[in-house]
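Chemist: Listed in order, the protein sequences are those of chains G and P.
Counting from 0, one number per residue, gives the positions in the first sequence under numbering that gives the first Met the number 0.
Counting from 0, one number per residue, gives the positions in the second sequence under numbering that gives the first Met the number 0.
Some clues are possibly wrong.
Said to hold, decoys possible - Derived, one-sided and incomplete: chain P residues facing chain G with beta-carbon distance under 10 Å:
{"id": "1", "residue": "Asp-63"}
{"id": "2", "residue": "Phe-81"}
{"id": "3", "residue": "Arg-88"}
{"id": "4", "residue": "Cys-99"}
{"id": "5", "residue": "Thr-101"}
{"id": "6", "residue": "Gly-133"}
{"id": "7", "residue": "Lys-134"}
{"id": "8", "residue": "Pro-136"}
{"id": "9", "residue": "Gly-137"}
{"id": "10", "residue": "Tyr-140"}
{"id": "11", "residue": "Val-143"}
{"id": "12", "residue": "Gly-149"}
{"id": "13", "residue": "Glu-159"}
Just so you know, the hints here were simulated from the structure itself, not pulled from any lab data.
All C-beta atoms in this analysis are idealised placements derived from N, C-alpha and C, irrespective of residue type, glycine included.
Chain residues, written in single-letter form:
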Amino acid sequence: MATIHIDNKAYDVKAGKNLLEACLSLGLDLPYFCYHPAMGSIGACRQCAVKVYRDENDTKGKLFMSCMEQVRDGMRVSIADMEAKEFRAHIIGWLMTNHPHDCAVCDEGGSCHLQDMTVMTGHNYRQYRFDKRTYVNQYLGPFLNHEMNRCIQCYRCVRYYKDYAGGKDLDVFAAHNHLYFGRAEEGVLESEFSGNLAEVCPTGVFTDKTLKQHYTRKWDLTMAPSICHHCSLGCNTIAGERYGTIRSITNRYNGEVNGYFLCDRGRFGYEFVNSAGRVRKPLVRSQLPEATDKHTALEAAASAIKAGRVIGIGSPRASLESNYVLKKLVGEDNFHHGVADLEHDLVELAMGILRDGSARTPSLREVEKADAVFILGEDLTNTAPMLALAVRQSVRQEPLLEQVSKANIPVWQDAAARGLVQQDKGPLFIAHYTPSKLDELATHTHFDSPDDIARLGFAVANLIHPDSPEVREISDQEQALAQQIADALMKANNPLIISGTSSGSERVLKAAANIAQALAAKEKSAGISLVMPECNSLGLAMLGGHKLESAFDAVLNDYADTVIILENDLYRRANTVALTRFFEKCEHVIVLDHLHNATTEQADILLPAGTFSEADGTLVNNEGRAQRFYQVHATSDELQESWRWLTELGTIMKEEEISNWVGFDDVQKAMAHEVPALQGINRVSPPSDFRIAGQRIPREPHRFSGRTSMHAGFNVSEPKPPVDPDSPLSYTMEGYRGQPPSAAIPFFWAPGWNSVQSTAKYQQEVGGHLKGGDPGLRLLEPTGTAPFSVAVPQRFIPLEGHLYMLPLHHTFGSEELSNQAAGIMQRIPEPYVAINAADAVQLKLSDGQLLSFSIEGQVYQLPAKISQTIPSGTAGMPNGLPGVPFAELPAWAILNRDIKWKQQPQTTF
Amino acid sequence: MFSLLRSMWLTFLHAFHKRETILYPEEKPFLPTRWRGRIVLTRDPDGGERCVACNLCAVACPVDCIALQATEDETGRRYPDFFRINFSRCIFCGYCEDACPTYAIQLIPDFEMGEYNRQNLVYEKKDLLINSEGKYPGYNYYKVAGMAIGGKGKGEAENESPPVDIKSLIP
Chain G
0 MATIHIDNKA
10 YDVKAGKNLL
20 EACLSLGLDL
30 PYFCYHPAMG
40 SIGACRQCAV
50 KVYRDENDTK
60 GKLFMSCMEQ
70 VRDGMRVSIA
80 DMEAKEFRAH
90 IIGWLMTNHP
100 HDCAVCDEGG
110 SCHLQDMTVM
120 TGHNYRQYRF
130 DKRTYVNQYL
140 GPFLNHEMNR
150 CIQCYRCVRY
160 YKDYAGGKDL
170 DVFAAHNHLY
180 FGRAEEGVLE
190 SEFSGNLAEV
200 CPTGVFTDKT
210 LKQHYTRKWD
220 LTMAPSICHH
230 CSLGCNTIAG
240 ERYGTIRSIT
250 NRYNGEVNGY
260 FLCDRGRFGY
270 EFVNSAGRVR
280 KPLVRSQLPE
290 ATDKHTALEA
300 AASAIKAGRV
310 IGIGSPRASL
320 ESNYVLKKLV
330 GEDNFHHGVA
340 DLEHDLVELA
350 MGILRDGSAR
360 TPSLREVEKA
370 DAVFILGEDL
380 TNTAPMLALA
390 VRQSVRQEPL
400 LEQVSKANIP
410 VWQDAAARGL
420 VQQDKGPLFI
430 AHYTPSKLDE
440 LATHTHFDSP
450 DDIARLGFAV
460 ANLIHPDSPE
470 VREISDQEQA
480 LAQQIADALM
490 KANNPLIISG
500 TSSGSERVLK
510 AAANIAQALA
520 AKEKSAGISL
530 VMPECNSLGL
540 AMLGGHKLES
550 AFDAVLNDYA
560 DTVIILENDL
570 YRRANTVALT
580 RFFEKCEHVI
590 VLDHLHNATT
600 EQADILLPAG
610 TFSEADGTLV
620 NNEGRAQRFY
630 QVHATSDELQ
640 ESWRWLTELG
650 TIMKEEEISN
660 WVGFDDVQKA
670 MAHEVPALQG
680 INRVSPPSDF
690 RIAGQRIPRE
700 PHRFSGRTSM
710 HAGFNVSEPK
720 PPVDPDSPLS
730 YTMEGYRGQP
740 PSAAIPFFWA
750 PGWNSVQSTA
760 KYQQEVGGHL
770 KGGDPGLRLL
780 EPTGTAPFSV
790 AVPQRFIPLE
800 GHLYMLPLHH
810 TFGSEELSNQ
820 AAGIMQRIPE
830 PYVAINAADA
840 VQLKLSDGQL
850 LSFSIEGQVY
860 QLPAKISQTI
870 PSGTAGMPNG
880 LPGVPFAELP
890 AWAILNRDIK
900 WKQQPQTTF
Chain P
0 MFSLLRSMWL
10 TFLHAFHKRE
20 TILYPEEKPF
30 LPTRWRGRIV
40 LTRDPDGGER
50 CVACNLCAVA
60 CPVDCIALQA
70 TEDETGRRYP
80 DFFRINFSRC
90 IFCGYCEDAC
100 PTYAIQLIPD
110 FEMGEYNRQN
120 LVYEKKDLLI
130 NSEGKYPGYN
140 YYKVAGMAIG
150 GKGKGEAENE
160 SPPVDIKSLI
170 P
């Protein structure tokens, strides 16, 4: 702690911080541009000048850039000093000399840091009389819009894109007053984290292109706290709506989870909500769509359930509540997980490792602090992008601790710290079968088949702790690598093991668990982070249920004849042959989903389920953190949460317990009471009767416009505003104007701070935890009861005439819902099969030629892509890509060399 | 007593003053051009829509009676997809005109908007958009703003130098 005097008032601040951080943490308004809490300071913009005095007798003082000045005890500072104020006003005057006169057509307007700072410094008339500099813009892909004229040269974009996120294709060009921030040539930005540029840029150079297509100012959005549904990390987001459609997703700061950033899948995947393929009306196959309404559909479903023997199929992308109500409705014995059986087993295993193991699973923030990382069988950039970004920060940890603290440079001195560290990186080891974007940071990347990766993992565990089983017949080279990894992990203070379900191998998971356990047994504060397949996979596993296979068996063996499928496209979970037989045998198929897909085609009764923005619910992320997402806008009666459909069904059928549930709180309470693993889950968010000063928390900013006119096109008499029965948030602008509890922040705003930079006002200290603690409730803490796994696999042996097909994942393309978003669709790769270069020569295949093979009767014909890294005897197939039928991977693929037919060149006349 | 008589005299004199009352509607009253009446959307000197759908009028409106949605043509020129004013709520305060950065929205001296049906007081863009520059002739926002639109590239606006050649090192 240090005491500093700001404008003759004493404050206690944290020592070691810079003056700007200290001032912002105290809630004082001090303008700045180039500083960013996640990236430190470089003192480029000169905007945050303050007066610093030598002692109390010094009346003259000196101007200092507060972001470059470390807090010292007894320091005397003035923000309000006239000279400092004038200096800041001049700086912004200069920054604005070339700023174009286009706020009216700029997407940043209304949430613009430059606007806020200009108002804050009091600069209002342009004094520069000469011509303005202009630039030609670039096309940067489907996600971002480029408008270089607006640039104020703060360098935040390149510092974020290159230094923080490791991007290669955005840079600064030219010199002096011609600086240009863009790509060397026009083209799609390659980084999976490019969307953050829209928030990092203090003005409108980079703006959200998907928002531009249905542009709405920040003040006009109805916003609610949400959770990203597009991977298992559960990043916190803010979803904004206007006129009934979702307009944008922005980051919602959570100090433990996503911090300031989101990946592009999470930021731009929302467009599926507005897709034309949405199910918006209940449908009953035997009735005309016009004649079907909510009640007829519910009656039809209820009578189908009453008449038949019913089973339920849950979903890892539906909320806990929806899955729980389905489980209640069909009974525990009849509830099945709608995931492939292998995935079911893997998630169960992963949950067991996190629950019974002895290593703790870290949050994303803790991942950033790890000083040695070993990744087994996981391509993080594609399966859990934000975890890859966190690992990217963690490799800086060791040099920062070692060199920077020795050189007595504060870590926030970004340029100095990076200059000192240069290319030095902490230990990061990756063992996988396909290259990933993290390879460039890795100390060593080892490419091998999953079984051999597991063997390497077991070898490392054995070297760390002899109780872990020994690996026989291991090559010297592998043994040396294992030794290197074991040494690095043992040397570290916070070693971290990352693995996951995406390579489809139990052995890899077990090997990862053994290493973590071995480290823990050596009294290391080791962490283990496991990537799950989907946003609520872990929650579904905690809820418990049977396998999908047994659901098929139940129907095929006449145990059941009616099935309720919850938010699940089974054609992405099981193979077509099995599903055709299953659906043929089912008498009634009741489906609840957002989008029309192959499964909804089979439905006899189709009920439209609300997406993340039209529903309340809870998800459990890969860390075991339960997080609540809120409904963003009221919908028609015919489009509602799955759990509400199912409770209404239960009520019609006079199920005793279900009939008593009125709203979200009742469902959640019953679930917390009944499922031991989910105990206390009702504490994740404030209850629906929570009020501050007797008021709800408004979803709309106080400047929300057009409410007496929005609906006037239909009817000039304004309807009564909808009331939210499930949460303490209101659908209007009325309500409590102060800061809501951290779990229910619908948007960040503070007087004078309209941009996302207002987040600072909600944090305990800048870049730290939110006031009142970061939201989310960890449900898993390791008990340390599990023994070492002894299942060391044999070396992988290729099979003649076969290829061991491994799953490959893509940030854009492997996830079901985001695939329906227009922006993401443009980035989805073409289907392919990755094949080892040597194998390709043997098979006489060249790049792009069709390879034909079959997996469990399903025939595939995909163009080959030669890979140098995928092990011989294996091949890689993209997982979940549109146009690639489902196969439970990994699996042996039989090569159909005979039925491959040559493509004839077409003759044109 | 005197003041009483004086007041009566002054009142009597008024009988010979010029009449303020006019025979409306046969005779129209004089309204100054700055009179705040019916709201219109104007066009720029080239005949293009002036409104760029910036939402400032809507946010300035104290009764929230303006709703609009922005959209863009293929050249990047922004305009309102729909623009709706609910005149049954409007209080003719003129804040929207004050807020408008492009002189698009203007209040004109016309108050004859009586309707029997309240729904008819909801004006859409087709009812609002007029074929004139209104009170502020000559102003063209896109001639000043740095955005490139159809027919006007980068650096072609007023007080703009041509686009920077980023490969040049000359200061």
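Chemist: Now tell me if each hint is right for this structure.
Modeler: To see whether the hints hold, each was checked on the structure:
1. Asp-63: Since chain G brings a Cβ to about 5 Å from Asp-63 of chain P, closer than 10 Å, the hint holds.
2. Phe-81: holds (8 Å)
3. Arg-88: holds (4 Å)
4. Cys-99: holds (9 Å)
5. Thr-101: holds (6 Å)
6. Gly-133: violated (17 Å)
7. Lys-134: violated (19 Å)
8. Pro-136: violated (20 Å)
9. Gly-137: violated (16 Å)
10. Tyr-140: Constraint on Tyr-140 of chain P satisfied, holds at 7 Å.
11. Val-143: The hint holds - Val-143 of chain P has a Cβ within 10 Å of chain G, the shortest such distance being about 5 Å.
12. Gly-149: violated (14 Å)
13. Glu-159: Given a least distance of 5 Å, the restraint on Glu-159 of chain P holds.
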